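Quick mapping for you: the protein sequence lines, in order, are chains A, B and C. Heads up: the first sequence at position 153 corresponds to 152 in numbering that gives the first Met the number 0, and the numbers run straight through without jumps. Heads up: the second sequence at position 338 corresponds to 337 in numbering that gives the first Met the number 0, and the numbers run straight through without jumps. Heads up: the third sequence at position 799 corresponds to 798 in numbering that gives the first Met the number 0, and the numbers run straight through without jumps.
Quick caveat, the hints were computed from the structure, so don't treat them as lab data. Be aware that one or more of the hints could be misleading.
To be verified - A few chain A residues that don't get close to chain B, going by computed Cβ distances all over 12 Å:
no., residue
1, 68
2, 138
3, 147
4, 237
Claimed, not checked - Computed Cβ-Cβ distance ranges for the label pairs, DEER-style:
no., chain 1, residue 1, chain 2, residue 2, range
5, C, 400, B, 49, 25 to 33 Å
6, A, 138, B, 145, 24 to 32 Å
7, A, 138, C, 792, 52 to 60 Å
8, B, 22, C, 570, 41 to 49 Å
9, C, 454, B, 49, 39 to 47 Å
10, B, 145, A, 7, 25 to 33 Å
11, C, 471, A, 180, 54 to 62 Å
12, C, 454, B, 136, 45 to 53 Å
13, C, 480, A, 139, 53 to 61 Å
14, A, 7, C, 557, 17 to 25 Å
15, C, 841, B, 135, 48 to 56 Å
Keep in mind it's a predicted model, so treat the numbers as computed, not measured. Glycine included, every Cβ here is placed at the ideal spot set by N, Cα and C.
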Amino acid sequence: MPGQPQAAPVKGFFTDTTLCIGCKACEVACKQWNQLPDDGFLFTGMSYDNTAHLGASTWRHVAFIERPAPLHPQNEGAFSWLFSSDVCKHCARAGCLEACPTGAIIRTEFGSVYVQPDVCNGCGYCIVSCPFGVIDRREEDGRAWKCTLCYDRLRADMQPACAKSCPTESIQFGNLEDLRKQARERVEKLHSQGMREAYLYGESAASQPGTEGLHAFFLLVDKPEVYNLPPDPIVPTKTVKDAWTAMAAGALGIALAALGAAFFAHKNGAQS
Amino acid sequence: MSTVRYKTSPDPVSTDGRDIDRKIAELAGEAADQQASGAAGKHIEKQAGTWTQLPQPHAADPTYYDRPLLNESVWGWAIPTYYYVGGLAGASLALGAALELQHAAKFDRLIRRCHWIGFLGCCVSGALLVYDLGKPQRFLNMLRVFRPTSPMNVGAWILSGTSGASAAAFFFRQAGYAAGLFGMALATYTGVLVSNTAVPLWNASRKVLPVLFAASAVTSAGSLFELFDQDEDEARVTRAFGSVGKLAEIAASVIAEQHASQVARVGRPFQRGFSGFLWRTAAVLTAGSVVMNLLPRPTRGKRLASGILGTVGSLLMRFALEQAGNASARDPRASFHSQREPLAQ
Amino acid sequence: MGTSFGRGGATDFPGDIVNSDVIVIEGSNMAECHPVAFRWVMKARERGATLIHVDPRFTRTSAVSDIHVPIRAGSDIAFLGGIIRYIIENERYFKDYVVHYTNAPAIINKDFKDTEDLDGLFSGWQKDKGHYQTRTWMYEDVDPEPAGGERESEAAKKGQPIQRQPIQAEHTDLTLQHPRCVFQIVKRHYSRYTPEMVEETCGIPKQLFLKVAETLCRNSGRERTGVFIYAVGWTQHSVGVQYIRAAAIMQLLLGNMGRPGGGVIALRGHASIQGSTDIPTLYNLLPGYLPMPKAKHDKDLETYLKLNQSPSGWWGEYTKYFVSLMKAWYGPAATQQNDWCYNYLPTLTGDHSHMNTVVDMADGTVKGYFVMGENPVAGSMHGALQRKGLRQLDWLVVRDFQLTETADFWREAPEIERGEVKPQDIATEVFFFPAAAHTEKDGSFTNTQRLLQWHHKAIDPPGDARSELDFIFKLGRRLKRLYQYEYADPRNWPIRDLIWDYPTQGPLEEPDAEAVLHEINGYTVHDGKPVEGFTSLKEDGSTACGAWIYSGCYRGGVNMTARRKPHWEQNWVAPEWGWAWPHNRRILYNRASADPQGQPWSERKALVWWDEKKQQWTGHDVPDFIVERPPDYRPGKEARGKDTISGIDPFVMQSDGKGWIFVPTGLQDGPLPTHYEPQESVIQNPLYGQQCNPERMEWMRKDNPYHQPYNDPRFPYLITTYRLTEHHTAGGMSRWLSWLSELQPEMFCEVSPELAKECKLKNGGWATIRTMRGEIEARVLVTNRIPPLRIKGRIIHQIGLPYHWSSKGLIRGDAANELIGFVADPNVSIQESKAFTGMIEPGRKSKGRRHVTSGRLVKKLPGREQDRDLPQARHKPETSHGFKAMETKEGNV
Ligand SMILES: Nc1nc2c(c(=O)[nH]1)N[C@H]1C(S)=C(S)[C@@H](COP(=O)(O)OP(=O)(O)OC[C@H]3O[C@@H](n4cnc5c(=O)[nH]c(N)nc54)[C@H](O)[C@@H]3O)O[C@H]1N2
Ligand SMILES: Nc1nc2c(c(=O)[nH]1)N[C@H]1C(S)=C(S)[C@@H](COP(=O)(O)OP(=O)(O)OC[C@H]3O[C@@H](n4cnc5c(=O)[nH]c(N)nc54)[C@H](O)[C@@H]3O)O[C@H]1N2
Ligand code: SF4
Ligand code: SF4
Ligand code: SF4
Ligand code: SF4
Ligand code: SF4
Ligand SMILES: [Mo]
């Protein structure tokens, strides 16, 4: 198609939470680059997390988990503090994209999932269709927003602002294939160092069939739930056939009810 | 940009929360035109309250400070109302078409009523959707594309089709049949729409919701007709139509609840809290309505009572479902358990 | 660090941390406060290094450490002393290194008495003066010259210069056996710092302590190195300098100095805080660590030079640097005949450090105050006393981006909110000038690793905002105009004769920052050509140089500080990124990375070495040594100045070329670190009768009350203060930004679940924290990250307070500094804000009461207070240098 951008290799994020120091530079860099407004000031009492969740104006969010369990190799004391920088997963099968009735959400030449703000009509359907609770609508704005994988930066051959600002390379950006390789090597290394609990979350279709893999995947050391990630997310369209079938049954039911009522009344009426 | 007095700030500050002085700099970022009043506090307070316990995940059944995993739907009252109105319109048009098939003059008034309700229903539906979206032209964005993966997009086409057909039905008899067919889709697709989400309660009951919506649409139509002046023939039609719908609705809601409750935590909003209350009330009202229908010796009083009970019941059911869905979206354990339990098997 | 090694700067650069085998971060929360430099720590860890974090709290640094050691705030010397003992007792020190490169073999004056002998005091305490006389700490028969610290105190006290000679071999014992050699003294000094004592003092379980000590020892020696990293968790104590000394001793014993992956890294705070001591904003220094003349004894140039020029070591070059500085300032007016305008320099009459100045303001003797890039009302100790000072001023100038709490002290402050002070009663005239940010001006930063990096102006400053350079330059021009008509009075000449001619540029007529750099670099007077480096400076007035240590940064007219060659395009030392003083050396004292024969201790840790063929030192880094001095060179008896530096003297700034394990001179409070409790503590000093540092600065004033030294029932908890990644210091640059404000929106306190239970505090709820100085309220964050410590069966609770909030900005909260009184370290006048006592209660009861305006906040305890000092050290007279604060008639509260 003319005007269609040429496909580049699929890009993504590998967020290695064992390297994260919870500095939130990624959160701020994202806000700054994309010029996102603040989300309000609230002392949440949740460790050092005062932004709580991804949302329409918070596209990176760092979780702070205070665990009463040791983390290898820190074997002194039964305590550890985990950090994890969450972001839109740019799912291979994206619930938001598939649900969007306007076509506002598209898959870009980088394989990322991008919301076109000028097309979005604010219907909010993507919001309930994202199994990760990522995309959201800002009240005053009335449209849905989320991480763009820094589409504008990628087009200018720059890496995303959050990855660029991460001091410890906890957020790694690159070609998805390379990242997967790197990530597997990293897990192996951690295992060999004794951190048996390290594993990859969503790195491939095999490990997360419900989404057919994430373009932004993670290295975690505890259950996904601990990080507020779903253990086995499934893009809704994968199960929706049931509903279409049920819809057919329902429509048929209406037809039968209507025909039956009409027929019955007609018959009985004629008799009297 | 407006001048805002941040709650926590002693001086009024001119900011929309972006830290950019628009006198000096132009905004060009991806979110540059995101509207923000600067009324800080609102967003985060919607997301989070203050955590009052020791910050420690529960090892066996962890969550992240019990924060929701999912974002709950942003739909206000207009959307459940739309489910009701759309269902009503769709079922009416279906009934109209069925009556048309009987070729009996005694149903002419009822058929016209069906068409009117269908047509007006479509208009109100459109209005409700536009109200929810905020701007009329935003509705048209949905008609830029045809996207079968999106029940909402399919629905937009169905609503458009139904509107057109129901308007045409005033002029062409044949259009009434088309309207009837579209109507059936209009009354049921919303069930797919809510099922096709990550909201655990809705998704778990996806095999039933479209049927429930169909039944409820029939209830709605039947009940509304009961509120009009009717002759005996008409009353017979609507009573029969309505009672089938109501009985089916009660049955479907029981099954929906069962489906949802296969994972206890998912079905919980049907039983507990405000949503549980609404859900139960709706069922009781609908049951009351069908009782009125089935009592011997129909009277006008019974008919009106049945109509009112059925209308309120089916409307309430939509709200209850909305509330229950939101409640399950807010409960991270609903999602976690629904995904863990199949994994464990 | 100056007194131990010779220079007051980090000895290594953060990028070199990747080469470390063990990294100890103690007294810093590096991941939170220095996240970008912390990347190197993470990389080192990935390479297999062990990371140890010693901190009262489990912080974001601890979260990624291999070992977190919870420690009672204010007890680090006991911990480090314990490690020193472990190293010595188990013979784990790096013998060859210790013998040749440190002063361990040096024999000390026979009159020296240790704290072990005197229950916490060293010999030389003068009862009448309330001060040490440090003669007895000297080497036997030699008076070495300190390279840093109080450089002339000994002579000053006698009122005349002391005859000095270079240190000779006969005053040492290379077998380390002489009972009076440094090694044996150190061994005795720390013999009681056993693991049990560490546990009793610091609350660190014995097993954990042993694990740390063993890990350190295992990772040192020829093949392995470890680095020590600290910041203000160490400096902000009344014994702060001695904390750092303890680390220096450890690193010298382990042989970690001057080697890759070794060293002691002081993480400096603000972007150019290192720069602001190099070219100082300190009252007692001239650029390049040349001391300010003192009124009492620096009568003329000759005396001044005599007192400062060391006969041995690098400070033998003193005159060259001083004369060049005067030539830079006074140009043709500075001549040999008029002593290079020496008498134009102001002379010090006492201690004019920050807290003394504030007290003088409060007492009405200081009338005007410039505050540029500082927010003392929120960021400095004792906010209420700070504001009391400001209220007494005639005028106040504040230059900042925002109307900070300091600029608005007359409008918004706790005492004004309470109605105790009315704005209309404050006569201070406040001038606020908007300041240009670093992106809006050219200039350089000197960071942690002594690295100068140029920043180019990206955009003009908005409105009336101007750079400091512009402000000072134009202020200077106006002053010169005012003074030019009054030739007669010599008092005006220092300003009349000042060279003040930087070229200006652009529509705003801003002075050219590179012209300033040119002057700092130095130039030959006759043609203005930049000099090559400080070795080109002359004492005959033919060169001018603004700061000798920076000489070379503008070599050949090239702005070396603006070089930006990335590290992946050069070797790992990255010498072509920016420019480091001195002489672009990145790892200081790197001569010590080679053995006495000049060959690397090991291949793995090679850095610089002696090249036999070329007959010079060479390697990855610029050698921090005289390049052509062979390893086997030994000076003769007649040698003076640089010639006294032998081939095995890596610490060239020291008068004996050695790393000082024992500091014979230069420190106020003792040659060896000794455990003293903070001014306010929860326990009695377990080691000595002397509770606190006898030389600490304290201000006995009614408006600066102290708690009991220990076990004060009114204030049972230990409090420490610190930073969060999300905010910056006093908040002027973060509380006004919504993106940062939302990340940490409210002032809070961190408490353990146990303390929360004891005091009925609820997570997310409110608490009031109180000291004698004031009360504040804060939200409660209950967390296992600040564990209670067990000391002698007693539970010690600590409370953590970030100090970023105050009464203005997008978000506000009470300032932690409202709680803290004036107490300071005697060597560098740094406040004790990391350990003090207080009370916490649930609820939002704070009425904002401050002792300064509301009077006594807590009932006085009956009876006499416990003692902080031994009887002979109790007397604290007023002194001209003001090391002891004035005792007021009102006495202690
Ligand atoms: N994000 C951010 N970064 C900053 C700053 C900022 O405000 N925000 N400020 C900059 C400045 S000016 C500076 S000076 C540096 C300071 O950098 P740091 O010194 O690293 O910062 P602090 O948080 O003040 O203190 C460090 C740690 O010391 C611990 N501590 C307190 N008392 C003791 C003690 O007695 N012993 C030991 N071992 N530890 C103790 C505290 O718990 C704290 O975790 O940071 C700089 N970097
Ligand atoms: N309790 C407690 N107190 C502490 C500490 C602690 O750990 N605990 N730490 C201490 C330490 S280490 C420090 S460094 C101090 C810091 O304390 P301060 O230096 O008082 O605090 P800052 O907020 O850093 O103040 C710097 C001000 O300079 C302004 N500024 C920035 N750039 C420029 C510029 O180019 N020109 C001008 N004119 N202004 C500029 C900023 O807006 C800001 O208001 O706090 C000390 N106080
Ligand atoms: S994470 Fe959610 S918002 Fe992001 S691509 Fe997947 S479905 Fe869409
Ligand atoms: S809110 Fe916007 S992006 Fe989301 S589904 Fe609707 S149109 Fe698409
Ligand atoms: S990729 Fe860009 S938009 Fe997405 S989180 Fe990172 S900075 Fe924000
Ligand atoms: S910038 Fe990197 S290290 Fe910092 S919070 Fe984000 S992911 Fe973690
Ligand atoms: S604020 Fe600047 S100096 Fe501090 S860590 Fe970040 S980049 Fe480094
Ligand atoms: Mo600092």
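Here is how each hint holds up against the structure:
no. : hint                         : verdict
1   : 68                           : 7 Å, violated
2   : 138                          : 7 Å, violated
3   : 147                          : 5 Å, violated
4   : 237                          : 10 Å, violated
5   : C:400 with B:49: 25 to 33 Å  : 32 Å, holds
6   : A:138 with B:145: 24 to 32 Å : 30 Å, holds
7   : A:138 with C:792: 52 to 60 Å : 56 Å, holds
8   : B:22 with C:570: 41 to 49 Å  : 47 Å, holds
9   : C:454 with B:49: 39 to 47 Å  : 41 Å, holds
10  : B:145 with A:7: 25 to 33 Å   : 28 Å, holds
11  : C:471 with A:180: 54 to 62 Å : 56 Å, holds
12  : C:454 with B:136: 45 to 53 Å : 48 Å, holds
13  : C:480 with A:139: 53 to 61 Å : 55 Å, holds
14  : A:7 with C:557: 17 to 25 Å   : 41 Å, violated
15  : C:841 with B:135: 48 to 56 Å : 55 Å, holds
Hints 1, 2, 3, 4, 14 from the earlier list are contradicted by this structure; the remaining hints agree with it.
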